[in-house]
Amino acid sequence: MNEQEAQSQEQQERAQPSDVSRVSVSSISDAAPPPAASPWPPAAAASMAIATTMAEATIPTTTPAATTAEMGSMAATAQRASMPMPRWQEGRVWRVAVGVDGALEGMPRPLDPSPRVTRLLEGVLTGGRPLQRDEVELLLRSRGADHDAVCAAADELRRRTCGDIVSYVVNRNINYTNVCTYKCSFCAFSKGRTAEELRGPAYVVPYEEIARRTAEAWDRGATEVCMQGGIHPDFNGDTYLRILSAAKAAAPAMHVHAFSPLEVHHGATSLGLTHEGYLERLAAAGLGSLPGTAAEVLHDHVRGVLCPDKIDTATWLKVVGAAHRVGLRTTSTLMFGSVEEGPAAWASHLVLLRELQQQAEGTGGHGGGVGITEFVPLPFVHMESPVYVKGQARRGPSLHEVILLHAVARLALHPHVTNVQASWVKVGPSRAAQLLAAGCNDMGGSIMNESITRAAGAAHGQELPPVRMEEIIRAAGRQSRQRTTLYGIPPVEQTARSYGTVPLQPLVLAAASIGGLR
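Numbering follows this note's numbering, in which position 253 of the sequence shown is assigned residue number 241; successive positions increment by one, without gaps.
Just so you know, these hints were derived from the structure itself, not from any lab. It should be emphasised that the depicted structure is a prediction, and the values quoted were computed from it without experimental measurement. Each hint should be verified, as a subset may be incorrect.
In the DSSO-like style, the derived pairs of lysine-lysine whose C-alpha atoms are separated by at most 30 Å in a straight line are [what the hints assert, rightly or not]:
1) Lys171 with Lys298
2) Lys236 with Lys378
3) Lys171 with Lys378
4) Lys236 with Lys306
5) Lys378 with Lys298
Could you put together the complete structure from these sequences and hints?
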């Protein structure tokens, strides 16, 4: 079938009455709730967004599932507060009626997504086969009614998988050096000979300062320290072990979430060890989990532009797979919207992550506390990024792309990666909360200190304390819950401490020479 014939067939499908797999529309007054025995929820409801004016559009937030009777008062409240609802939920009650009237029902504006998108969404919602790479790409290119249907399906899948709980972790970031031998074109944080004049001096954080910051974080209710840094030419595998030991000595019960796959690769290579051998040493010394950073985009053509001398896609996957085999959990990330990588590369990245998680799970089915804990989309922050300053990059992703990436990630990674995080550091607290309507169920960490994104020009602050985090989540109509790094329940005494935080003490840095760097 040539392209013209395919377009003709698509037009005919749109013109014909839909079959049982269609997305149908019915008014609230005509739509009776499903029987009590139905496995589907009666409604998954109207949204009230935190009022945020943006140049392109408004990313909305959702409320918990509501009855039809509750909709009127909620809509009135939203109107009084001038809180816009998301386009894909405005004036509708979403519900599932698969096999009867389709996958999604709503009112009053007819929803007319394309037949193929409708079939793909119904397949995900009914537990069908995983989305293939070209199908993920198709969803990432959605516009209009297709976009609305994708976001509504992601929100419904989130509600079924995670409920209306929005989690967050009380943690502290420690970036122990900004000196780096690599030349990633997007990075405004690292300091090398070619970046000596960018934002601030080169530094290393002394071991005693790492210990002090860890102890201070514990006293403020944190259950995690997240530690990463540049690849300093004087660092080797033993350096990372000493960094880890400093943190664990200061707060033995603290979960240490540290060392990107690039740092693990560097540490292992410097000591002549395999990835697994070095990870076993780190785990024995108290490492709790790894951040799935340094991934950028898992597509070697794109990596050749963004980070040509960094580990390639295959090596990144090998390191993370090795971590899973030795029993260490990891997160996963995707930095998107920098160069013209686009939906094809993003789709490939998502499928690779899903396959990686399937390998961790083995043949015993999904879940079980292994492998990847969460997926964190990271919109490119352009302002001070070298590749943007040189005129070789975009101004970050569009709002449309940000919404879709989060929504499609929920659909593409299901049921293997069940937590999708909205990064307030990248998009701001209000927008992150609004992304809760597009498949997200987690708001990340309180952070306490943030260096990397601020170096790129973001201005969303260094800390989001628990009180403020929970205010934002409640304003989105959802329920907040503190979590640990591995999505457990924090100790009661730590949770109590987190609400009585005191100002942080000044940071101590040691100047670092970068004269020997290339």
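Now the hints, each set against the structure:
{"no.": "1", "hint": "Lys171 with Lys298", "result": "holds, 8 Å"}
{"no.": "2", "hint": "Lys236 with Lys378", "result": "violated, 42 Å"}
{"no.": "3", "hint": "Lys171 with Lys378", "result": "holds, 14 Å"}
{"no.": "4", "hint": "Lys236 with Lys306", "result": "holds, 27 Å"}
{"no.": "5", "hint": "Lys378 with Lys298", "result": "holds, 20 Å"}
In terms of the numbered hints stated before, the structure departs from hint 2 and from no other.
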